[in-house]
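Colleague: Starting from the given sequences, assemble the full structure and let the hints guide the process.
Residues per chain, in single letters:
There are 2 protein chains.
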Amino acid sequence: MTQAIAEIKAMLGDRLSTAEAVREQHGKDQTWAPGAPPDAVAFVRTTEEVQGIVSICSSYETPVIAFGTGTSLEGHFTAPFGGISVDVSAMNAIIEVNAEDLDARVQAGVTRKALNIHLRDKGLFFPIDPGADASLGGMAATRASGTNAVRYGTMRENVLSLTAVMANGEVVRTAKRARKSSAGYDLTRLLVGSEGTLGIITEVGVRLYGIPESIAAGVCPFPSVDAACQAVIQTIQLGIPVARIELVDEEHVKAFNAYSKIDLKVVPTLFVEFHGTPAGTEEQSGLFGSIAEELGGGPFTWATKEEDRQRLWQARHDAFWATKSLMPGKEAFATDVCVPISRLAECVNETRADLAANGLYGPIVGHVGDGNFHVVLYCDRSDAAELARVKGFYERLIKRAIAMEGTSTGEHGVGSGKMRFLELEHGVEGVAMMRRIKQALDPKNILNPGKIVAL
Amino acid sequence: MTQAIAEIKAMLGDRLSTAEAVREQHGKDQTWAPGAPPDAVAFVRTTEEVQGIVSICSSYETPVIAFGTGTSLEGHFTAPFGGISVDVSAMNAIIEVNAEDLDARVQAGVTRKALNIHLRDKGLFFPIDPGADASLGGMAATRASGTNAVRYGTMRENVLSLTAVMANGEVVRTAKRARKSSAGYDLTRLLVGSEGTLGIITEVGVRLYGIPESIAAGVCPFPSVDAACQAVIQTIQLGIPVARIELVDEEHVKAFNAYSKIDLKVVPTLFVEFHGTPAGTEEQSGLFGSIAEELGGGPFTWATKEEDRQRLWQARHDAFWATKSLMPGKEAFATDVCVPISRLAECVNETRADLAANGLYGPIVGHVGDGNFHVVLYCDRSDAAELARVKGFYERLIKRAIAMEGTSTGEHGVGSGKMRFLELEHGVEGVAMMRRIKQALDPKNILNPGKIVAL
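Those protein sequences? They're chains A and B, same order as listed. Counting in the working numbering, the final residue of the first sequence is number 455, and the numbers go up one at a time with none missing. Counting in the working numbering, the final residue of the second sequence is number 455, and the numbers go up one at a time with none missing.
Simulated from the structure, these hints should not be mistaken for laboratory data. For clarity, every value in this text was computed on a predicted model and none was experimentally measured. Where is the CB? At the ideal position from N, CA and C, for every residue including glycine. Treat the hints with care, since some could be wrong.
Here are some, though not all, of the chain A residues that point toward chain B, as calculated from beta-carbon distances under 7 Å [claimed, not checked]:
(1) Glu100
(2) Asp101
(3) Thr142
(4) Ala178
(5) Tyr185
(6) Arg189
(7) Gly210
(8) Thr407
(9) Ser408
(10) Arg436
Label-pair distances were calculated between CB atoms; the ranges are [unchecked claim]:
(11) B:Asp133 - A:Gln25: 55 to 61 Å
(12) A:Gln25 - B:Gly123: 50 to 56 Å
(13) B:Glu293 - A:Gln314: 39 to 45 Å
Covered by chain B, per the in silico footprint, the following chain A stretches (three or more residues, Cβ under 8 Å) [said to hold, decoys possible]:
(14) 151-159
(15) 165-172
(16) 231-243
(17) 279-285
(18) 441-454
Modeller: In structure tokens form, the structure reads like this:
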């Protein structure tokens with residue numbers, strides 16, 4: 001390790017840090033996943049530098065852990081076996097924007113907001129919005145999604161190609177720029193969601209979209225979670241191209257009203273957004289309103305004005321802070337299950353009953369068009385009894401989702417936190433297949449060891 | 001081999017055939033790729049039978065080659081090293097349709113038309129349409145797409161999960177039914193497009209869509225290929241959700257007029273289709289018409305009536321037979337490059353100039369929304385000089401597409417025919433990565449050996 005650090009230091013100079021504060025910051029995320037600092041942090045600027053570091057680390061069998069903005073939520077970038085954290089945040093060049101092809105290529109450290117600011121005057125945007133201003137490299141690595149996925153897909157659908165440094169130091173570019181290809185194994189999709197365990201992503205090719213001529217957003221109250229979920233199902237089945245459709249439960253509405261000084265009825269509520277032509281969004285909004293009304297929901301109040309929309313979505317985005325402000329002194333703990341939407345109401349209702357039975361505060365917010373919802377648990381970790389109830393609830397939540405043909409994680413990823421649920425979800429054989437891939441591509445287990453599958 | 005066949009015979013009885021005609025039919029596709037018959041053909045009914053066959057073949061290191069409908073175009077199912085062809089066409093059960101979740105699960109032998117007939121009275125459809133009535137297993141294995149991909153994506157986007165028998169005889173189900181997941185490596189996308197070389201697909205989970213309330217289709221003539229491509233770019237950039245947008249060149253129009261008794265102007269022509277509400281498709285058609293007009297195209301004549309639409313798309317689907325009827329005695333040879341759409345006009349124009357310079361007849365048809373186009377070459381293979389010109393053209397076509405940041409194959413796959421272009425497209429490192437994956441998952445090289453990557 002000392003030798004590896006010395007060689008990297010010779011290459012990067014001051015851009016390799018072993019300062020304790022820097023190491024700590026690169027070894028602990030904002031969740032309650034246990035932290036573990038790396039031995040050093042390399043602030044890289046180019047693919048070649050990453051290649052150099054990986055080659056050195058390969059020689060000394062030293063772990064290499066990619067770091068973007070540090071906003072991931074499953075302990076993805078902790079260094080339980082030490083090693084070198086490769087911080088790509090200075091790799092922030094937008095390499096090319098091909099407006100006619102609706103694609104762009106960026107270095108891995110470019111954040112989604114930086115990309116969108118760059119694109120704005122071209123009339124283009126990149127839709128994937130996980131909330132945090134994450135780096136594109138990190139979003140690709142965790143297969144991120146967020147509120148827009150119901151319309152635009154996740155990083156799975158929106159990454160066209162990747163450049164990555166593999167464990168043996170080779171640089172692979174996974175695809176050229178064609179929209180589709182049947183030319184061999186899908187290396188792009190294999191790296192998307194691999195959380196730095198198969199290769200270190202240094203460049204990302206992404207799909208872009210034209211900024212819609214008209215964006216209409218609104219809120220719609222419902223008498224029950226079931227009615228709200230039924231509205232979502234009917235909306236999607238009718239082919240209404242809803243851009244966002246988010247469920248917030250009563251607990252969240254209460255918190256919004258207090259925190260964001262708005263005045264919503266305290267019932268399960270859908271936040272929706274439509275993208276299209278003015279006539280198109282008006283028609284879509286009207287159709288959605290009728291569906292809601294038939295299910296006893298509504299009135300659906302909608303806003304086409306930019307400031308009204310912003311205020312609405314700001315409240316939604318502040319959900320975390322809104323609920324946190326009601327729970328001073330408690331730590332928040334995010335969950336991320338996703339089920340087929342036909343099972344969503346059932347899953348949410350059982351989950352709420354479980355919360356109530358255990359006296360837990362866990363407001364729910366969901367990307368319900370995808371069947372994905374987050375229970376944000378609040379817990380005082382010094383209270384052993386509460387902690388035990390939270391842990392039991394968490395275990396049951398994930399098992400419930402998988403039993404309903406869903407997944408332990410819709411968008412946050414596995415990291416170290418969800419490894420123990422992988423066999424339940426993918427079977428012993430599926431996890432064995434993942435392990436064989438990991439072994440083949442990283443035989444020394446130097447890339448983010450201890451995440452996804454243990455060798 | 002004899003022993004392997006005897007053991008499989010004991011399991012399947014009459015459903016294992018070594019008849020020459022059956023073997024020939026399972027060893028040669030409709031293209032001019034060289035055929036190579038398997039030693040026996042197994043007509044399987046269940047995943048367990050496939051598992052049994054693969055286990056036996058693994059013991060004896062005998063090749064196993066999956067066979068669906070035999071409609072693939074790159075020699076995918078030939079058996080250059082002999083072995084057992086596993087014909088899944090009798091695995092034709094539709095296992096489940098989850099209307100609320102817009103998904104279905106089928107056995108691998110179910111064809112797309114059979115699925116759509118089953119779905120019709122539920123108001124649902126499966127959009128991927130590669131032309132042939134291919135099996136869903138085969139379509140997944142080759143990452144098929146076709147005319148609808150511009151709107152609905154390819155098999156990459158529309159396969160939710162797969163069940164596959166791996167080389168070691170283990171059965172892997174790659175995902176549950178959630179719309180999205182970040183739970184580990186994307187085994188689904190790794191198997192989609194793997195052409196039977198990593199596992200034998202026995203069940204396919206697919207996305208479904210509601211049948212659109214309104215479908216509008218039409219044709220629009222253009223003064224040049226450039227103008228037509230520019231119309232495509234502007235249409236997509238404006239976010240008009242075109243469902244199909246197909247370019248046919250003058251040669252094709254001539255052939256259509258003769259074969260399908262229609263009367264189109266002999267110029268580059270776009271066939272387009274819109275899906276949506278009646279108001280939506282009317283608006284989309286109007287916007288498209290304005291774009292075409294500004295580029296000197298039009299008039300855009302459109303049809304919402306089912307019979308008019310059918311007649312139009314029938315002509316498009318009969319493209320192959322229409323051109324073939326003009327070239328009696330010649331063999332057809334399909335190509336399949338795909339480039340970024342900004343390069344499409346340039347690529348098509350250079351390709352047409354190349355055809356002309358070499359005195360070749362090669363009408364062009366393209367899924368231009370994706371940048372994918374097919375030159376259908378006609379050749380008398382007994383004419384050595386013509387054959388040499390065709391081969392030279394083919395080589396230049398693929399290199400041209402890759403030089404324009406495109407791919408050697410948009411939707412047909414690699415098979416044995418395009419292996420030699422893979423390194424040009426993915427680099428030595430990319431192909432080495434594919435080879436490492438193949439080695440890890442099929443160390444004895446029994447699954448469709450000699451395809452995609454050679455071990």
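Colleague: All hints are to be evaluated individually against the structure, with a verdict given for each.
Modeller: Here is what the structure says about each hint:
The criterion of a C-beta within 7 Å of any C-beta in chain B is met by Glu100 (chain A), whose closest approach is roughly 4 Å, and the hint holds. For Asp101 (chain A), the shortest C-beta to C-beta distance to chain B is roughly 4 Å, which falls under 7 Å, so the interface hint holds. At its closest, the beta carbon of Thr142 (chain A) sits 6 Å from a beta carbon of chain B; the interface hint therefore holds under the 7 Å criterion. Against a cut-off of 7 Å between C-beta atoms, the interface hint on Ala178 (chain A) holds, since the closest Cβ of chain B lies about 4 Å away.
Taking 7 Å as the C-beta cut-off, the interface hint given for Tyr185 (chain A) holds, the closest approach to chain B being about 5 Å. Contact between Arg189 (chain A) and chain B, as hinted, is supported at the beta carbon level, the nearest pair being about 3 Å apart and thus within 7 Å. Taking 7 Å as the C-beta cut-off, the interface hint given for Gly210 (chain A) holds, the closest approach to chain B being about 5 Å. Checking Thr407 (chain A) against chain B by beta carbon gives a least distance of about 4 Å; that is within 7 Å, so the hint holds.
At about 5 Å, the closest approach between the beta carbon of Ser408 (chain A) and any beta carbon in chain B falls short of 7 Å, and the interface hint on this residue holds. At a threshold of 7 Å, the smallest CB-CB gap from Arg436 (chain A) to chain B is about 5 Å, leaving the interface hint in force. A C-beta distance of roughly 58 Å is found between Asp133 (chain B) and Gln25 (chain A), which places it inside the suggested range of 55 to 61 Å. Judged by the Cβ atoms, the range 50 to 56 Å given for Gln25 (chain A) and Gly123 (chain B) holds: they are separated by roughly 53 Å.
At roughly 42 Å, the beta-carbon separation of Glu293 (chain B) and Gln314 (chain A) lies within the given 39 to 45 Å, and the hint holds. For the stretch 151-159 of chain A, the assignment as covered by chain B holds, since 4 residues bring a beta-carbon within under 8 Å of that chain's beta-carbons and 3 suffice. Given as covered by chain B, the stretch 165-172 of chain A passes the check, having 4 residues with a CB less than 8 Å from a CB of that chain where 3 are the minimum. Only when three residues or more bring their CB closer than 8 Å to a CB of chain B does the claim for the stretch 231-243 of chain A stand; here the count is 6, and the claim holds.
Only residues whose C-beta sits within less than 8 Å of a C-beta in chain B count toward coverage, and the stretch 279-285 of chain A has 3 of them, enough to reach three; the restraint holds. Counting residues of the stretch 441-454 of chain A whose beta carbon lies closer than 8 Å to any beta carbon of chain B gives 3, which meets the minimum of three for the stated coverage.
Going through the hint list in order, the structure satisfies each hint without exception.
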